[in-house]
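There are 2 protein chains.
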Amino acid sequence: MRNEAPPMNALRIGICGNGTVGGGTLELLRTGAERLERRARRPLMPVRLGARRDREDCPVGDLIVHRDLLEVARAEDVDVLVECIGGTGLARELVETALRSGKSVVTANKALIAEQGNELLAIAEAHGVSLLCEAAVAGGIPILKALREGMAGNQVTSVSGIINGTGNFILTAMGAEQRAFDDVLAEAQALGYAEADPTFDVEGIDAAHKLTILAAMAFETRFDFSGVHCEGISQVTPADIEFARELGYRIKHLGIAKETQDGVELRVHPTLLPAQSLLANVDGVLNAVCLEGHAAGPTVYCGAGAGREATASAIVADLMDLARAEGKPCSTLGVDTEALRDASAVPMDKVRCPWYLRLEAEDRPGVMSELGSCLGAEGISIEALIQKPPKSPGDTVTIVVLSNEAEEQALRKAIEAITAMDAVKGTPHSIRVEE
Amino acid sequence: MRNEAPPMNALRIGICGNGTVGGGTLELLRTGAERLERRARRPLMPVRLGARRDREDCPVGDLIVHRDLLEVARAEDVDVLVECIGGTGLARELVETALRSGKSVVTANKALIAEQGNELLAIAEAHGVSLLCEAAVAGGIPILKALREGMAGNQVTSVSGIINGTGNFILTAMGAEQRAFDDVLAEAQALGYAEADPTFDVEGIDAAHKLTILAAMAFETRFDFSGVHCEGISQVTPADIEFARELGYRIKHLGIAKETQDGVELRVHPTLLPAQSLLANVDGVLNAVCLEGHAAGPTVYCGAGAGREATASAIVADLMDLARAEGKPCSTLGVDTEALRDASAVPMDKVRCPWYLRLEAEDRPGVMSELGSCLGAEGISIEALIQKPPKSPGDTVTIVVLSNEAEEQALRKAIEAITAMDAVKGTPHSIRVEE
Numbered sequence: 001m002r003n004e005a006p007p008m009n010a011l012r013i014g015i016c017g018n019g020t021v022g023g024g025t026l027e028l029l030r031t032g033a034e035r036l037e038r039r040a041r042r043p044l045m046p047v048r049l050g051a052r053r054d055r056e057d058c059p060v061g062d063l064i065v066h067r068d069l070l071e072v073a074r075a076e077d078v079d080v081l082v083e084c085i086g087g088t089g090l091a092r093e094l095v096e097t098a099l100r101s102g103k104s105v106v107t108a109n110k111a112l113i114a115e116q117g118n119e120l121l122a123i124a125e126a127h128g129v130s131l132l133c134e135a136a137v138a139g140g141i142p143i144l145k146a147l148r149e150g151m152a153g154n155q156v157t158s159v160s161g162i163i164n165g166t167g168n169f170i171l172t173a174m175g176a177e178q179r180a181f182d183d184v185l186a187e188a189q190a191l192g193y194a195e196a197d198p199t200f201d202v203e204g205i206d207a208a209h210k211l212t213i214l215a216a217m218a219f220e221t222r223f224d225f226s227g228v229h230c231e232g233i234s235q236v237t238p239a240d241i242e243f244a245r246e247l248g249y250r251i252k253h254l255g256i257a258k259e260t261q262d263g264v265e266l267r268v269h270p271t272l273l274p275a276q277s278l279l280a281n282v283d284g285v286l287n288a289v290c291l292e293g294h295a296a297g298p299t300v301y302c303g304a305g306a307g308r309e310a311t312a313s314a315i316v317a318d319l320m321d322l323a324r325a326e327g328k329p330c331s332t333l334g335v336d337t338e339a340l341r342d343a344s345a346v347p348m349d350k351v352r353c354p355w356y357l358r359l360e361a362e363d364r365p366g367v368m369s370e371l372g373s374c375l376g377a378e379g380i381s382i383e384a385l386i387q388k389p390p391k392s393p394g395d396t397v398t399i400v401v402l403s404n405e406a407e408e409q410a411l412r413k414a415i416e417a418i419t420a421m422d423a424v425k426g427t428p429h430s431i432r433v434e435e
Numbered sequence: 001m002r003n004e005a006p007p008m009n010a011l012r013i014g015i016c017g018n019g020t021v022g023g024g025t026l027e028l029l030r031t032g033a034e035r036l037e038r039r040a041r042r043p044l045m046p047v048r049l050g051a052r053r054d055r056e057d058c059p060v061g062d063l064i065v066h067r068d069l070l071e072v073a074r075a076e077d078v079d080v081l082v083e084c085i086g087g088t089g090l091a092r093e094l095v096e097t098a099l100r101s102g103k104s105v106v107t108a109n110k111a112l113i114a115e116q117g118n119e120l121l122a123i124a125e126a127h128g129v130s131l132l133c134e135a136a137v138a139g140g141i142p143i144l145k146a147l148r149e150g151m152a153g154n155q156v157t158s159v160s161g162i163i164n165g166t167g168n169f170i171l172t173a174m175g176a177e178q179r180a181f182d183d184v185l186a187e188a189q190a191l192g193y194a195e196a197d198p199t200f201d202v203e204g205i206d207a208a209h210k211l212t213i214l215a216a217m218a219f220e221t222r223f224d225f226s227g228v229h230c231e232g233i234s235q236v237t238p239a240d241i242e243f244a245r246e247l248g249y250r251i252k253h254l255g256i257a258k259e260t261q262d263g264v265e266l267r268v269h270p271t272l273l274p275a276q277s278l279l280a281n282v283d284g285v286l287n288a289v290c291l292e293g294h295a296a297g298p299t300v301y302c303g304a305g306a307g308r309e310a311t312a313s314a315i316v317a318d319l320m321d322l323a324r325a326e327g328k329p330c331s332t333l334g335v336d337t338e339a340l341r342d343a344s345a346v347p348m349d350k351v352r353c354p355w356y357l358r359l360e361a362e363d364r365p366g367v368m369s370e371l372g373s374c375l376g377a378e379g380i381s382i383e384a385l386i387q388k389p390p391k392s393p394g395d396t397v398t399i400v401v402l403s404n405e406a407e408e409q410a411l412r413k414a415i416e417a418i419t420a421m422d423a424v425k426g427t428p429h430s431i432r433v434e435e
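Residue numbers (my numbering), protein chains in the order written: chain A, 1 to 435; chain B, 1 to 435.
These are computed hints drawn from the structure, not numbers from a lab.
By construction, the Cβ of each residue, glycine as well, lies at the ideal position given by its N, Cα and C atoms.
Any given hint might turn out to be false.
Said to hold, decoys possible - Chain B is faced by these chain A residues, among others (derived, beta-carbon under 8 Å):
| # | residue |
| --- | --- |
| 1 | R39 |
| 2 | P43 |
| 3 | G102 |
| 4 | G284 |
| 5 | A296 |
| 6 | Y301 |
| 7 | C302 |
| 8 | A306 |
| 9 | E309 |
| 10 | M320 |
| 11 | T337 |
| 12 | G426 |
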């Protein structure tokens with residue numbers, strides 16, 4: 001139990017969760033207490049901790065500890081709840097309870113905001129409190145603040161980025177060492193970069209959650225997680241990475257959101273990026289996001305996308321905003337929820353981009369001409385082409401095509417025709433290109 | 001004259017200057033009026049314009065125009081003065097007058113803030129108003145917001161960046177096309193990237209102004225422009241860029257501020273950076289800044305460092321902060337001026353870094369051994385070395401050395417000894433290295 005009451009002007013913080021994120025946040029608040037008080041002109045004071053069990057790496061100190069986490073969300077002496085338990089079950093209940101009892105909430109929970117953010121924002125607004133989630137996207141990079149405030153004078157036309165460090169680590173290692181996906185994934189799991197069940201990361205679900213939040217803020221739309229088209233990286237091969245390099249590209253797992261005349265494009269997929277672009281050179285577990293504003297032009301933000309300290313840095317930045325605002329609500333998305341539009345996500349059929357195609361074919365005359373016809377019939381032209389000689393006489397050859405811009409539905413039809421060609425073995429593999 | 005009074009809750013803006021920055025700001029406020037009002041929940045309304053003469057590219061519309069700019073700074077119906085005239089004479093008078101009459105000020109004037117910011121901040125604080133200058137550093141990149149708010153939970157240990165686009169354009173073109181400094185400078189002037197008098201840009205004074213502001217915010221110190229060590233890029237040769245490349249480096253004109261045990265290092269100079277680092281890959285007129293926080297780790301911010309629209313984007317972001325704060329002052333540096341320390345800049349003699357040395361010597365035995373002795377006598381060892389064969393027999397050879405970390409005073413002594421060597425022609429050329 002605490003010995004003294006917190007100072008009158010303190011921002012009183014209740015933390016739920018004492019794992020990596022909760023423990024890291026508590027540590028940063030404690031070790032930086034003097035610095036934070038100087039900058040906020042008031043103390044940021046953790047007062048209660050909700051945790052099912054004690055953990056050695058998260059000493060309780062003089063905090064009041066609750067095994068029932070909802071008690072923290074209801075406690076009268078808590079101004080802000082920091083939700084660090086993850087998931088969309090109890091976390092939802094905690095956040096909603098806190099908001100309804102007039103507390104602001106800070107969270108790193110991208111799934112919760114992406115999937116249930118519309119209801120939660122409305123509740124926060126109705127109760128005159130804040131719901132901030134800087135730590136939910138791109139870890140230590142203050143990307144939501146840059147978008148909501150730094151770009152406040154801009155019409156933002158696109159947001160794209162490497163927003164899953166695990167996937168970027170895997171693609172980087174596959175490219176650097178010519179290793180297969182499964183092999184690198186196993187290493188990433190051993191290093192602790194990937195979960196035992198890697199689905200969320202490698203299939204793009206985690207990136208889709210983050211993209212949902214970025215898009216809502218960029219385009220002033222409601223969260224539309226179900227509108228995000230999501231492709232993982234497990235089909236990318238070291239050969240694809242090598243062919244891309246030969247063509248002057250790198251392959252990255254990107255989240256892309258673009259405002260178009262037909263609605264908002266929301267997509268997560270492997271992407272060929274020009275080798276000299278900044279995003280193409282962001283390697284390993286780093287994250288990077290590119291914002292395109294009509295006045296500021298493109299700006300790129302890069303840094304650690306995860307980790308105990310980086311996540312805590314973002315949570316404490318949100319807490320500092322709340323402390324400095326002195327009770328005035330801080331906007332989550334930069335506009336009131338009633339001003340938000342529906343995202344009306346563009347169907348992927350209609351999304352246009354250049355394409356990378358890789359296929360295996362018999363090494364005989366006429367194949368190229370037939371391939372060109374299959375593409376040409378759908379209005380697709382060939383911008384660049386690689387054909388390697390067969391390894392042994394009689395082997396099939398690998399053909400790689402870089403096409404001009406085409407709608408996905410046209411490409412799918414062309415691929416059907418190509419697959420039906422006598423000389424072609426198996427189904428061509430396709431990856432989108434961004435220029 | 002205006003026909004209608006602005007709405008009660010409008011943020012009433014007076015703009016001084018109708019050139020590139022003032023005109024761009026006015027245009028962004030006008031074309032984005034609806035968007036800005038939605039986001040700020042109140043109109044951002046230009047009401048007065050101070051300009052010595054009319055300009056066709058800055059239509060006056062319904063603004064009240066003043067030929068005496070000080071009238072704008074004193075006008076009772078102006079909430080915020082936007083200072084876009086530059087310089088430290090009349091601009092100072094305008095800003096001071098506005099602050100003393102209870103108006104907040106937004107400015108892109110890096111010289112004014114770097115050189116006179118200490119007095120101006122004290123005046124703003126005393127009058128309970130804000131003095132914001134996002135546009136003064138790195139144009140459209142919201143770097144001051146990232147540092148002051150995004151990194152608010154961090155002890156920032158270093159800030160370094162490419163903060164002058166003209167210099168970066170010149171170095172990039174010199175490297176890409178093997179052209180001499182003077183040649184590229186002339187092209188930059190023809191393209192409008194460099195001023196007729198390029199001193200401010202190429203000698204690093206502009207970068208030193210920006211570094212002064214970044215360092216004050218990062219380390220919570222008073223502005224110390226006179227403490228910045230400043231070297232330009234006019235001594236860098238295409239050969240240096242090529243040798244650096246061979247050693248795995250790029251040459252960039254960096255502003256570097258580091259907190260050390262001895263005080264704050266404040267320096268602007270050409271710098272060898274590892275080729276794979278993000279800053280090394282920022283080319284052309286782009287700016288980029290790397291912040292190193294104790295919790296967030298390194299984060300990098302990249303974008304347009306200048307230009308009409310990008311600068312206006314940053315000015316409008318400041319105006320949006322003021323509009324959203326509804327009269328509550330917004331802090332310039334993130335702490336009160338009374339909490340600021342002196343920077344106590346570290347003398348360059350004491351700054352340690354690895355070095356690049358290039359020298360001309362006769363092609364004869366014993367030169368390398370003597371060179372090694374000159375360096376070794378000062379405790380400097382050779383990490384890498386390039387010696388090219390003479391172009392014709394009897395010609396001198398170029399020798400390039402990459403040293404380990406050494407204090408500048410040790411390096412200067414070694415260079416004196418090397419210059420005195422019989423075989424060495426002229427004075428060795430030295431450039432600092434950052435790892």
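Outcome of the hint check:
With 8 Å as the threshold, the beta carbon of R39(A) comes within range of chain B, its nearest partner Cβ sitting at about 5 Å, so the hint holds. For P43(A), the suggested interface contact is broken, since its CB lies about 14 Å from the closest CB of chain B, more than 8 Å. Against a cut-off of 8 Å between C-beta atoms, the interface hint on G102(A) is violated, since the closest Cβ of chain B lies about 21 Å away. Given the 8 Å rule on beta carbons, the hint for G284(A) is violated: about 11 Å separates it from the nearest Cβ of chain B.
Here the hint on A296(A) is kept, as its CB sits about 4 Å from the closest CB of chain B, short of 8 Å. Annotation: Y301(A) was flagged as interfacial toward chain B, and the flag holds, the nearest CB pair being 6 Å apart, inside 8 Å. A hinted interface residue such as C302(A) counts as satisfied when its beta carbon comes closer than 8 Å to some beta carbon of chain B; here the least separation is about 4 Å, so the hint holds. Taken as an interface hint, A306(A) does not check out: its beta carbon lies about 11 Å from the nearest beta carbon of chain B, beyond 8 Å.
Checking E309(A) against chain B: minimum C-beta separation of about 4 Å stays under 8 Å; hint holds. Here the hint on M320(A) is kept, as its CB sits about 4 Å from the closest CB of chain B, short of 8 Å. A distance limit of 8 Å between C-beta atoms decides the matter here; for T337(A) the minimum to chain B is near 12 Å, and the interface restraint is violated. At a threshold of 8 Å, the smallest CB-CB gap from G426(A) to chain B is about 36 Å, leaving the interface hint violated.
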